[in-house]
Amino acid sequence: MFDACGGEIVSLAMDSNMKKELCIRALTEAFEMRQPGAGVIVHSDAGSQFTSIAYKQTLGKFKAIQSMSDVGKCYDNARMESFFATLKKELLYRIDTTKMTREQVKTLVWQYTMVYYNRKRISTVNEDGLPPTLYRLKVTKKKNVVA
Numbered sequence: 034m035f036d037a038c039g040g041e042i043v044s045l046a047m048d049s050n051m052k053k054e055l056c057i058r059a060l061t062e063a064f065e066m067r068q069p070g071a072g073v074i075v076h077s078d079a080g081s082q083f084t085s086i087a088y089k090q091t092l093g094k095f096k097a098i099q100s101m102s103d104v105g106k107c108y109d110n111a112r113m114e115s116f117f118a119t120l121k122k123e124l125l126y127r128i129d130t131t132k133m134t135r136e137q138v139k140t141l142v143w144q145y146t147m148v149y150y151n152r153k154r155i156s157t158v159n160e161d162g163l164p165p166t167l168y169r170l171k172v173t174k175k176k177n178v179v180a
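Here the sequence shown is numbered in the numbering used here, starting from 34 and rising by one per residue.
Worth flagging that the hints you see were computed from the coordinates, not collected in a lab. Among the hints, erroneous ones may be present.
Stated by the list, open to error - Derived SDA-like pairs: lysine to any residue, alpha-carbon spacing no greater than 25 Å straight-line:
| # | residue 1 | residue 2 |
| --- | --- | --- |
| 1 | 52 | 141 |
| 2 | 175 | 74 |
| 3 | 121 | 45 |
| 4 | 106 | 57 |
| 5 | 89 | 59 |
Please take these sequences and the hints and turn them into a complete structure.
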């Protein structure tokens, strides 16, 4: 799950398939971690995982609003697709993952995403180039001061 405000990856679920259970697990983890409250918008493509009754029920449980791209509208998901391109270019294309177990690859992807990408990597879309987590903390702090 990707927070479009600062580009932070909020939750990460990986498996050998892309079934609805995987997406529901990522969604649930994101909501339990962040507790964003009612009305948060969750955007996805129009894959069967995201149109499933179970996924929609999970969105309803969290009082989230579903936003979905029309088929063939890849630009709606551009920031998430950009993250995947960065992950491949900076990590996966640089190592021979064929000699690694699935669990080793999952650990590698998790460390890159949650430690490096979110907390250390310069972000060209955030103010002052702040990494996504630092940007979120800065924005949240400003919001609390104003409120």
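These are the hints, each one checked on the structure:
The straight-line distance between the Cα atoms of residue 52 and residue 141 is roughly 22 Å, inside the 25 Å bound, and the hint therefore holds. A distance of roughly 22 Å separates the Cα atoms of residue 175 and residue 74; the hinted pair therefore holds under the 25 Å criterion. For the proposed pair residue 121 and residue 45, the alpha carbon gap of about 15 Å is at most 25 Å, so the pair holds. At most 25 Å may separate the alpha-carbon atoms for a hinted pair to count; residue 106 and residue 57 meet this at roughly 23 Å.
Distance check on the hinted pair: residue 89 and residue 59 sit about 14 Å apart at the alpha-carbon level, within 25 Å; holds.
In this structure, none of the earlier numbered hints is contradicted; all agree with it.
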